[in-house]
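There are 2 protein chains.
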Amino acid sequence: MSPNSEAVSLPDHPFIPEMVRQTRAFDSYGVNEDLGKAEILEPYVVTKEQRREMPVIGDPDEELIARLKAYYSAIAMRIEAGCGKMAAPMFNITHEGFGRVIISVGKLMVLDRSLRDVHRFGFPSLEKMCEDADKLVNNALKLVESYPDAAAA
Amino acid sequence: MSPNSEAVSLPDHPFIPEMVRQTRAFDSYGVNEDLGKAEILEPYVVTKEQRREMPVIGDPDEELIARLKAYYSAIAMRIEAGCGKMAAPMFNITHEGFGRVIISVGKLMVLDRSLRDVHRFGFPSLEKMCEDADKLVNNALKLVESYPDAAAA
Numbered sequence: 001m002s003p004n005s006e007a008v009s010l011p012d013h014p015f016i017p018e019m020v021r022q023t024r025a026f027d028s029y030g031v032n033e034d035l036g037k038a039e040i041l042e043p044y045v046v047t048k049e050q051r052r053e054m055p056v057i058g059d060p061d062e063e064l065i066a067r068l069k070a071y072y073s074a075i076a077m078r079i080e081a082g083c084g085k086m087a088a089p090m091f092n093i094t095h096e097g098f099g100r101v102i103i104s105v106g107k108l109m110v111l112d113r114s115l116r117d118v119h120r121f122g123f124p125s126l127e128k129m130c131e132d133a134d135k136l137v138n139n140a141l142k143l144v145e146s147y148p149d150a151a152a153a
Numbered sequence: 001m002s003p004n005s006e007a008v009s010l011p012d013h014p015f016i017p018e019m020v021r022q023t024r025a026f027d028s029y030g031v032n033e034d035l036g037k038a039e040i041l042e043p044y045v046v047t048k049e050q051r052r053e054m055p056v057i058g059d060p061d062e063e064l065i066a067r068l069k070a071y072y073s074a075i076a077m078r079i080e081a082g083c084g085k086m087a088a089p090m091f092n093i094t095h096e097g098f099g100r101v102i103i104s105v106g107k108l109m110v111l112d113r114s115l116r117d118v119h120r121f122g123f124p125s126l127e128k129m130c131e132d133a134d135k136l137v138n139n140a141l142k143l144v145e146s147y148p149d150a151a152a153a
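Chains as they are written, first to last, in the working numbering: chain A, 1 to 153; chain B, 1 to 153.
Keep in mind the hints are simulated off the structure, nothing from the lab.
Any copy, or any two copies together, can satisfy a pair, since identical chains are not distinguished.
Mimicking DSS-like on lysine-lysine, the simulated pairs with C-alpha atoms at most 30 Å apart in a straight line are:
#1 K37 / K135
#2 K48 / K128
#3 K85 / K142
Generate coordinates for the entire structure from the input sequences, incorporating the hints supplied.
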């Protein structure tokens, strides 16, 4: 079966439709326009073997950066859905594949992550992707609860 | 008199030595190594006429981006000096000369600015530069006072 097969089943998780939406939003050249949901999310799955084969030299390619931004933007949207306040991501990615991403709600930084190995961005499975996202979203929502004034500022 | 003359008098303001330090720190190629303090700070002064003559097309040059980063890093250091907590800047500058800069203390964003017209970054005078910096620093310090828990997180 081709890895592009539509037979891939998508996890029943609210992060999935958000990821499809964000991935389409970051697809500025429309290269994924004709793809189905499963096909659009497929590049987020990177197996151990695939990781090993990925070169980490040179600039991370544009489509990969777009996926990384879509992922954290989807997380921002889930945070927004969870607390009812605008959540905005900001990225700083260097040519070498390092960087930092933050998500802010009001004046509160609800997520602050160093990025390493951007070249190899991906997850063992879509289930694991949703699980990781849940952790980041829940952690952010706890921060909003802990510092409501800064989050409302 | 040449505009590079050492006769330029520097304002007696704590922001000045910090700017000299940060400008030297961002001078990765050592192009300013042999310059005096006044000469190092000279490019931050951009008169109205100079602004008009500056092209805003194409990527802002590296030295200009270095000056912008030095400026906000110097502000972060002044915030740090004022509140005794680490203040870290983060930049996102697009090729078109737009962008955003934030400075965070703990989980609090004490500065959050959209950048426009990066190509024309500069101040009418060094005095005005110090004045503007004071405003940003004082505003940031007020935020730290208002949201001490988030700033300590």
